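The whole structure should be built from the sequences, with the hints applied where relevant.
So the protein sequences, as listed, match chains A and B.
Under our numbering, think of the first position of the first sequence as 650, with each following residue one higher.
Under our numbering, think of the first position of the second sequence as 546, with each following residue one higher.
These are computed hints drawn from the structure, not numbers from a lab.
Here the structure is a predicted model, which is why all the values come from computation and not from measurement.
Ideal Cβ positions, reconstructed from N, Cα and C, are used throughout, including at glycine.
Since no wrong hints were added, every one of them can be taken at face value.
Derived pair list, reagent style DMTMM-like, types lysine to aspartate or glutamate, alpha-carbon separation capped at 25 Å:
1) K620/B x E678/B
2) K676/B x D887/A
3) K669/B x D691/B
4) K676/B x D694/B
5) K889/A x D691/B
6) K1076/A x E1148/A
To give a feel for the contact side, a few chain A residues facing chain B, derived at Cβ under 7 Å:
7) K759
8) D760
9) I824
10) L828
11) L863
12) I870
13) T871
14) F881
15) L883
16) G884
17) I885
18) L890
19) L896
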Amino acid sequence: MASAAIPANQTPKTNYLTNGYGLKSWLLTTDHKRIAVLYLISVTVFFFLGGFFAMLIRLELLTPQGDLMQADSYNKVFTMHGMIMVFFFLIPVVPAVLGNFLVPIMIGAKDLAFPRINLLSWYLYIIAGTLFLHCMLIGGVDTGWTFYTPYSTVGSNTNVVEAGLAVFIAGFSSIFTGLNFIVTIHRMRAPGLTWDRLPLFIWANYATSIIMVLGTPVVAITIVLVAVERLFHLGIFDPKLGGDPLLFQHLFWFYSHPAVYIMILPSMGVVSELITCFSRKRIFGYKFIALSSVAIAVLGFLVWAHHMFVAGISLYAAMIFSFLTFFIGVPSAIKVFNWTATLYRGSISYATPMLYAFGFIGLFTIGGLTGLFLATLGIDVHVTDTYFVVAHFHYVMVGGVLMGYLGGMHFWWPKISGRMYPEGWAKLSALLVFVGFNLTFFPQFILGYVGMPRRYWQYPDEFQVLNVLSTAGSSVLAVGYLLPMIYFLWSLRYGPIAEANPWNAAGLEWQTTSPPPTFNFDETPVVTWEAYNYDEIAPKELEAPVGR
Amino acid sequence: MADSHATTLEPEAHNPALLHHFADAQQQKNAASLGMWLFLVTEIMFFGGMFCAYLVYRLAHFNAFAAASQQLSIKLGAFNTAVLLVSSLTVVLAVKAAEAGNRKQLVTYLVITVLLGLTFLVVKGFEYAEKFERHHVPGPTFSFTDTFDDGSQKIPVNPNEAQLYFSLYFAMTGMHALHMIIGCGLFTVLAVFAWKGHYSPGYFTPIENAGLYWHLVDIIWIYLFPLLYLISRHR
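Below is the structure:
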């Protein structure tokens, strides 16, 4: 456990890590920071498990023949990869790890509004994860992460019900996290911390929480209906018995499209923090960025049917959803333009978190713009269910979410662990991640455009060169992800002791010690300034060691 | 909204119900209340998925839904509706009693609420049993031979479509009954706590929030009753 790495004699006062050492002090904790660490460990396990399945996929696709596995195993492997990454990594990762740790500190509170419900969220996540692992070990599931009917209800003979139950429980874990965040942000802010002084990371998590609370129950009941239909042979989504499989797709995407904003919005919040700190400037257009998060949360509920353009919805409906999908590009673009405007004439430094922020902006822009290709009805018909779609959402999910997460992990690692990570290795890994990512997924745009369908275990010979490039890239990417894991663990024992504010950053979290005490602040802070007041932090003051 | 609770920063040590991370009791109460309302929103979305499915299939297979709906007993449904409405009243009275600090009344009203909830569940159980006897439970033994009478002629009904109606009937009323069971358990615990004197005019948030939950479960039934029992009976 991380706590063992910091000798007590070097820390002048107890912090949240030294406040109890036994297993019980962790498993029964209600401290939001400790729960964040629990989440950090568990989502990391799932990330590498999901990554393992990704490597199996890439290895199978190294050659055109189905030589590593056959169709049935391949179906299970991409399903495992998708479900683990979506439900057990991407959705919880930033809110449950960084959000859990930072939301109360950033608003000057002692804890989240409901600390016990917060712990319950983690236990629900662990129960769901264990159930899913069990489902995997007894044979897995092969429906794809989307559970499409009627295959999932009458076709597949794998463990659909158990996987569905796992997703259902994981859903309640995120509902409770979202509920906790909304109440905390409304009710627990420090005196003087008005809505227009909130860090943009808070705004992003607030918008995310709205989606979690409004969307997740719908997918929960949808999966219950799938399970009930499967168990009792009903016909809710079965066309032979009068049901409508399209209804399933509507209900599923009503949550699952907004879910991509659950994943990306918190990372966007992280990027706002990084860009301002490492260009030493106020954010450009604070209100626009803050409200664009809310706009994305609202508009995100109105675009779901763009996943169904070829599923048989009416042309009229398709045109409306196409238009709305273009429209949601506006708040996303506002963010990107405002970040770049913030950089303009800033004192930019290239610490590792900033490298990830740059990576985010570039990759998210490509991912977002190709999203507009897919929103265009004509092009979508051409590239539906091809690798173009796969490349598009990996640019957003991996290039966006993961870049933001890793940037945030490096930025706040000194706060979380009390130690600095090795900057040289970190820069190398940021470079590897960027290069490996592009090498993996850019060829997939081309593959998709020339017609390689997704979810097949073999392919015609002419696709091989691009597939080899992609597989090679995935190995580079894997090294890029393993490195931070190794040096973060290394830094727990050997990293230099972190100051309270090693980046000279604005924000309440940097005003308390690293790592923070159990109740975050000795005295409740009173906020009299706007967020990102970097022009008011004098350079001389910056040189002086802050904290201990 | 930030400033409403920002006035007192010193914890009120004398209030045992005040948790350490709240500045004062008012902030704690506001947080709990907002949390409960948000939870109710998630409940509405949860049932919303089923209401959506109901709407789609009722429009697609109206005749079968109307014929199947006529198999339900309006009398029992109406009786249960009345029982739930009265239980909502007793919940309000319980909250009022808690506010006034009247412990005996509070316990009494909570117990009556639980009894009314159990009454509802027993009646529901008889209704379910009758469905089993007549093979109206979806599954391999399902059979449906009734016709839809539109006033001038009897139209035969596709049993698969009727089964769809009963699938939704059991899914929606079953999920509602599950919420009733949870509510009864909740009020039983609260009644015990109230008996032991855990609540005072200064602190009765759990009673209030459980009351909100109970009202929501009632309201869902208020929608379920006409949607499931009264299709095409307005003629």
